[in-house]
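Peer 1: Make a model of the complete structure from these sequences and hints.
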Amino acid sequence: MDEALNRPVASLRLNPKFGAVNVLLALGWRNLWRNPRRTWLTASGIAFSVWMLVFSWSMNNGTFGAMIDTAARQFLGHVQIQHPEYLDDPAFDHLINDVSGLVEDASNLPEVEGVAVRAQSTALLSAGERSFGGLVIGVDPQQEAVWSTMPSRIVEGRYLQGAGDLVLGVRLARNLGVGIGDEVVMLGTALKGGVAAAALAVVGILETGQAEMDRTLAQMTLDDFRAGWQLGADQAHALVLLLHRNKDTAAVAGRPWADGVIARPWTELMPEMVQMVELKRSGQGLFFVLIAVIVVFSVINTFMMIIFERTRELGMLRALGMRGGQLQTHLHIEAFWLCILGTSLGLALTGILLALLSVNGLPLPESTRELMMIYQMPERLYPEYSWGATWVAVVSMLIGTQLAVLLPAWRVRRMLPVEALRKED
Amino acid sequence: MSNPVVEVRGASRVYTEDAVPVHALRDVDLTVQRGEFVSLAGPSGSGKSTLLNVIGGLDRPTSGTVSIDGVCLNDLNDTELADLRLHKIGFVFQSYNLIPVLSARENVEFIMQLQGVGAAERAQRAADILQSLGLETMGDRRPGELSGGQQQRVAVARAIVTEPALLLADEPSANLDSTTTGELLDLLRVLNETRGVTIVAATHDPMVMSYAKRRITLRDGRIENDSTG
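Protein sequence lines correspond, in order, to chains U and W.
The numbering of the first sequence is my numbering, which starts it at 1 and goes up by one.
The numbering of the second sequence is my numbering, which starts it at 1001 and goes up by one.
If you are wondering where the hints come from, they were derived from the structure by calculation, not from laboratory data.
Keep in mind that the hints are not guaranteed to be accurate.
Said to hold, decoys possible - Not the full set, but computed from the structure, chain W residues with beta-carbon under 7 Å of chain U: (1) N1053; (2) L1058; (3) T1062; (4) L1114.
None of the values given here were measured: they were computed from a predicted structure.
Just so you know, even glycine gets a beta-carbon here, dropped at the ideal spot from N, CA and C.
Peer 2: Encoded structure:
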């Protein structure tokens, strides 16, 4: 007793208050369950926000990944080794040399699943009285067969097998009025302004689902192309690399390659896909912000109700000696628990759903098949879990709920204990 | 030898209600010595609760000074006032005002936790005080599981476990029957006589007044009568 009486107030203010943290944590958690329905409702709002962001981001990750993979497997690859100026100026003489050395170099990389050498040029394709412009590509049929989906796009005839074979896009074949076995003559510009010419028999017609390709594409063997367009045996326009994982694209593109070539990642080869992904993610981000704002207002409302209901109790805590800052901390801790509850619920639901979908996939309706082909999407979508979205969702909910409590907590901090204690229950 | 715990000098408290000034306290002088058991009586609106609030640092006088244990409350900011209440004053409220989500034992430990008392010492002191008040079997019960009398005893335990210089009680018997009130007052008397706890209780209840050694009556914000014995 004497010790308490003799203790000056100034020194009391310096006493450690760490013991208060435990009781504030316990108070915050238990207070949540004084009104379970309201707690579950508010936590559900937080859970929905977390679910919405993480689930949709993960599904989009999977979708974008599938689109990129489909596009890469069909034609473009994840990385292309080109002449440094070829992307901006696809002139015929922007060639890469020592292709066999580059193929050997690329094939030894563990990230690389397959390589394909290609040379290409625009040409005038003629059959009988009809002539149309097209994109003629020389490919190695064996390399393409390993990983490219182009051979599987054949709708009539067969894919390239050897010298003299020609495959046309379905619309180009229709425009030229040719079918399997018909001969097509191609005229173009070879190296150093020479005339490039080839006459080959159509062995197959393919349909990619992309109008531009179906209207212009013509494929022949690389040897036929080199002969007709007068390229050297070790020259081509692109070495196309397919990787096991899309995430290795930057690393493979960024490694040192031979002099006189440059590695282009798919992000440079398909800038429109990058823009589409960014656009979709911007929309997603905006939607999440809107939902988060609604959740913040819901938390504000919850805590305004809490301090209204517990005014007398909060006044009593002040009367017993709790500082204004501790009382404010008390509410922030309660909001923290609410956020932990909501985010845990949201992440658990998201995890379960994504786990189920990662096994079974999300089937797309038959009516969207044409659209899927155009956008190179698979028939089933599989999620790819986004840790980044998880981080963003949890941190933004933590910050959002803490900001939401600022106003109610400020009111509590300013509360006069004598007035609070007068309030009727 | 003069050893005042409470010193009130010329304290007035004026409220404004609907733009009309209400004089809840008018120039009150009061000194309470250590170890006294004082009752503040008077009709409703006489100023007894206001005086109790001013002494307890829950309200500030419009004019005049209040000192507790030698510390002038007028000089303290809100945080310092909170610290003074935490360390020097115990409160017993009319409606018990226990924290409903904490058990009886946790309620008793609460103020010690705010003070930063270690866990082992807290547990021991809480167990001792609950036992001395006959509540040793009630420690794990929450307030809603206790009777009114038991809740008020827990509130007293919470108020005195930190051995404050002053115990303030605002209508401590208002919600209790006469038997429970008698038990509570016996308890307060024991605390006052054996532990030397200084008690100031605002009350309407003649039974509480009869237990107090010093009875002060207020009327219209002024001390009308101050008698001992």
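Peer 1: Indicate, hint by hint, whether the structure satisfies it.
Peer 2: Going through the hints against the structure:
Checking W/N1053 against chain U: minimum C-beta separation of about 5 Å stays under 7 Å; hint holds. Restraint check, W/L1058 versus chain U: the minimum CB separation of about 4 Å is within 7 Å; hint holds. A least Cβ separation of about 13 Å between W/T1062 and chain U goes past the 7 Å threshold, and the interface hint is therefore violated. Below 7 Å, beta-carbon pairs count as interface contacts, and W/L1114 has one with chain U at about 5 Å; its hint therefore holds.
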